[in-house]
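**Q** Going line by line, the protein sequences match chains A and B. With the numbering used here as the guide, the letters of the first sequence map in order to residues 1 to 315. With the numbering used here as the guide, the letters of the second sequence map in order to residues 1 to 315.
Check each hint, because a few of them may be wrong.
To be verified - Stretches of chain A that chain B covers, calculated by requiring three or more beta carbons in the stretch to come under 8 Å of a beta carbon on chain B: (1) 112–124; (2) 128–137; (3) 150–160; (4) 246–257.
Claimed, not checked - Examples of chain B residues lying across from chain A (beta carbon under 7 Å, computed): (5) E103; (6) A111; (7) K114; (8) T119; (9) W120; (10) R126; (11) W128; (12) E132; (13) T133; (14) P254; (15) P271; (16) T277.
Honestly, the hints are just simulated from the structure, not real lab data. All C-beta atoms in this analysis are idealised placements derived from N, C-alpha and C, irrespective of residue type, glycine included.
There are 2 protein chains.
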Amino acid sequence: MTAPTVLVLDAEPLPRLGRLTGRARVVHTDASGLAERLPAADVLLVWDFTSSAVRDAWPGEGPRPRWVHTASAGVDHVLSPALLASDTVVTNARGIFEQPIAEYVAALVLAMAKDLPRTWELQRDRAWRHRETQRLAGTRACVIGSGPIGRAVARTLKALDVTPALVGRVPRTGVHGPGDLDRLIARADWVIAAAPLTEATRGMFDLRRFGVMQPSARFINVGRGALVVEEALAEALSKRWIAGAALDVFRTEPLPPDSPLWCTPGLLVSPHMSGDTIGWRDELGRQFVELYERWAAGRPLVNVVDKKRGYVPGH
Amino acid sequence: MTAPTVLVLDAEPLPRLGRLTGRARVVHTDASGLAERLPAADVLLVWDFTSSAVRDAWPGEGPRPRWVHTASAGVDHVLSPALLASDTVVTNARGIFEQPIAEYVAALVLAMAKDLPRTWELQRDRAWRHRETQRLAGTRACVIGSGPIGRAVARTLKALDVTPALVGRVPRTGVHGPGDLDRLIARADWVIAAAPLTEATRGMFDLRRFGVMQPSARFINVGRGALVVEEALAEALSKRWIAGAALDVFRTEPLPPDSPLWCTPGLLVSPHMSGDTIGWRDELGRQFVELYERWAAGRPLVNVVDKKRGYVPGH
Numbered sequence: 001m002t003a004p005t006v007l008v009l010d011a012e013p014l015p016r017l018g019r020l021t022g023r024a025r026v027v028h029t030d031a032s033g034l035a036e037r038l039p040a041a042d043v044l045l046v047w048d049f050t051s052s053a054v055r056d057a058w059p060g061e062g063p064r065p066r067w068v069h070t071a072s073a074g075v076d077h078v079l080s081p082a083l084l085a086s087d088t089v090v091t092n093a094r095g096i097f098e099q100p101i102a103e104y105v106a107a108l109v110l111a112m113a114k115d116l117p118r119t120w121e122l123q124r125d126r127a128w129r130h131r132e133t134q135r136l137a138g139t140r141a142c143v144i145g146s147g148p149i150g151r152a153v154a155r156t157l158k159a160l161d162v163t164p165a166l167v168g169r170v171p172r173t174g175v176h177g178p179g180d181l182d183r184l185i186a187r188a189d190w191v192i193a194a195a196p197l198t199e200a201t202r203g204m205f206d207l208r209r210f211g212v213m214q215p216s217a218r219f220i221n222v223g224r225g226a227l228v229v230e231e232a233l234a235e236a237l238s239k240r241w242i243a244g245a246a247l248d249v250f251r252t253e254p255l256p257p258d259s260p261l262w263c264t265p266g267l268l269v270s271p272h273m274s275g276d277t278i279g280w281r282d283e284l285g286r287q288f289v290e291l292y293e294r295w296a297a298g299r300p301l302v303n304v305v306d307k308k309r310g311y312v313p314g315h
Numbered sequence: 001m002t003a004p005t006v007l008v009l010d011a012e013p014l015p016r017l018g019r020l021t022g023r024a025r026v027v028h029t030d031a032s033g034l035a036e037r038l039p040a041a042d043v044l045l046v047w048d049f050t051s052s053a054v055r056d057a058w059p060g061e062g063p064r065p066r067w068v069h070t071a072s073a074g075v076d077h078v079l080s081p082a083l084l085a086s087d088t089v090v091t092n093a094r095g096i097f098e099q100p101i102a103e104y105v106a107a108l109v110l111a112m113a114k115d116l117p118r119t120w121e122l123q124r125d126r127a128w129r130h131r132e133t134q135r136l137a138g139t140r141a142c143v144i145g146s147g148p149i150g151r152a153v154a155r156t157l158k159a160l161d162v163t164p165a166l167v168g169r170v171p172r173t174g175v176h177g178p179g180d181l182d183r184l185i186a187r188a189d190w191v192i193a194a195a196p197l198t199e200a201t202r203g204m205f206d207l208r209r210f211g212v213m214q215p216s217a218r219f220i221n222v223g224r225g226a227l228v229v230e231e232a233l234a235e236a237l238s239k240r241w242i243a244g245a246a247l248d249v250f251r252t253e254p255l256p257p258d259s260p261l262w263c264t265p266g267l268l269v270s271p272h273m274s275g276d277t278i279g280w281r282d283e284l285g286r287q288f289v290e291l292y293e294r295w296a297a298g299r300p301l302v303n304v305v306d307k308k309r310g311y312v313p314g315h
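For reference, chain A alone in the conformation it holds in the complex (with noise of 0.2 Å):
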């Protein structure tokens, strides 16, 4: 039998995948090569998570990857209507991700409590200014996304006695519906997107959100970027509508050196980084090559995307 072929897209070497070898051909590409080379791959792998070349690249018709796998929590980058319409399954790299960015959503809520940024500011000034800072123990975390980053967020949050409220697509034990979206933002102290993109979530930070949260709160996403509507969470700062704000992911990556968000008084922005602990690419590769094992010996996948919903179901 011939070892089945793992197309890579993205040519930066891979950890980890050296396990695979005499058991797959893997081939690399970058997405100009993409096209061309999908109809001969029984696998792709999705190591760019940045990329939105599978989107464009995705044959309609004939042969095509019997799987796709994304390293990465998000799986909006791939899902194609093309892809969502064949029998292609789609699987993701859950698990990996959820502690790191549970820990770097308490990162920022933290700093902004005990107002991180400007002591360093001053600091840069030589300027001893004592102020009173928030206790974080007592306060009201409104999470949307209720998916194991979210369900990490809400579990950190909650150790550091913060009383969280999970939102999800469809009320569940334990996780409100959209329907009581507007009334937990509106006495959430932090209001936190770890949700996946779909037509359901994209924009659904517009003005009116923002409106609707109280002058205290402050806002987090590290989920991804378009939920935001970041014209109006820049106008939302500068009326103080809300009292800050932290972006992990934005509409456009790398956010471009011009744009104003960069110095959007109230607003911290990193670059797409919350999930990325050191050792993480070892640990999505060894992942993958887990996968890979479990469909070349015809076992079922884990982490299993409905192509419809956007995002693996269930707990």
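For this one, chain A is given, so just place chain B on it according to the hints.
**A** Frame of chain A; chain B shown alone:
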């Protein structure tokens, strides 16, 4: 019966002391009037915890306050040899600062793990530069100081899946003695000073101790500035014996504008504010009034400092 005289060091208007009206004669003073007014006072409330005026002004002989309360956790700034030798009772603000300081330490630890100071430097330069950060879960902390503050710090870090070790003056259940200190800091990712300033702890973080720590370790001081030999910390940072540090307290406060600590690479400076959350002055005032009610009724005081040890013992 004449109402007792409560002398308050610091002319700043105090919240909540209005409740003493008719039950005490409240006299305010600054440091310059302290020596003159102390003999006529029954109670001294040290509201200005940054002042060491009590050490200098305490009367050696003759009439003096029977009770000194300091609106701070540390008592090093009031404990003169004369006060130590007298039968005057000293109390502190135990119960007010624990949770805020623990949150502040968590904020610093997470900010360092997630490289937030560098992220916000890069934001000023409009530079999108992705980095890998540290996973906090699974790291180890050594917390020096096993009083209520050190214990709250350890509890909060543990909630973030950090493994804490507590070091106190005497070993007991859950607390290591000073003999374990070097071994514990040698393997800690986070070394956190939350000890009272006593003759046993002054200068305990010297060049030798920083040399024991791991090159990847970070040091945080939320106790008292004089626990640390500041020149040694700067040297350890410049030689990369440790990876970073954050000081909230200093040998001289406010930190003078010409101090080299302001711009020591790898050192985060904050102006002695770790415990001061919104409403803290109200809480301190309310606490003093409650203690005063006990004292005036002849009931035993709480938060009584063991003057020889230099802190409130117990637990």
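**Q** Take the hints in turn and mark each one as holding or not.
**A** Checked hints:
Only when three residues or more bring their CB closer than 8 Å to a CB of chain B does the claim for the segment 112–124 of chain A stand; here the count is 8, and the claim holds. Coverage of the segment 128–137 of chain A by chain B holds in this model, with 10 residues showing a Cβ closer than 8 Å to a Cβ of that chain against a need of three. Chain B is given as covering the segment 150–160 of chain A, and this holds because 3 residues of the stretch bring a CB closer than 8 Å to a CB of that chain, at least three being needed. Only residues whose C-beta sits within less than 8 Å of a C-beta in chain B count toward coverage, and the segment 246–257 of chain A has 4 of them, enough to reach three; the restraint holds.
A cut of 7 Å between beta carbons decides the hint on E103 (chain B): the least distance to chain A is about 5 Å, and the hint holds. Interface restraint check: A111 (chain B) against chain A, minimum CB-CB distance 6 Å, threshold 7 Å, status holds. Interface restraint check: K114 (chain B) against chain A, minimum CB-CB distance 4 Å, threshold 7 Å, status holds. Here the hint on T119 (chain B) is kept, as its CB sits about 5 Å from the closest CB of chain A, short of 7 Å.
The criterion of a C-beta within 7 Å of any C-beta in chain A is met by W120 (chain B), whose closest approach is roughly 6 Å, and the hint holds. Using the Cβ-Cβ criterion of 7 Å, the hint placing R126 (chain B) at the interface with chain A is satisfied: the shortest such distance is roughly 4 Å. Given the 7 Å rule on beta carbons, the hint for W128 (chain B) holds: about 4 Å separates it from the nearest Cβ of chain A. Below 7 Å, beta-carbon pairs count as interface contacts, and E132 (chain B) has one with chain A at about 5 Å; its hint therefore holds.
Residue-level restraint check for T133 (chain B) holds (minimum Cβ-Cβ distance to chain A is 6 Å; threshold 7 Å). Look at P254 (chain B): its Cβ gets to within about 4 Å of chain A, closer than 7 Å, so that hint holds up. This hint holds: P271 (chain B) has a C-beta 5 Å from the nearest C-beta of chain A, less than the 7 Å allowed. At about 4 Å, the closest approach between the beta carbon of T277 (chain B) and any beta carbon in chain A falls short of 7 Å, and the interface hint on this residue holds.
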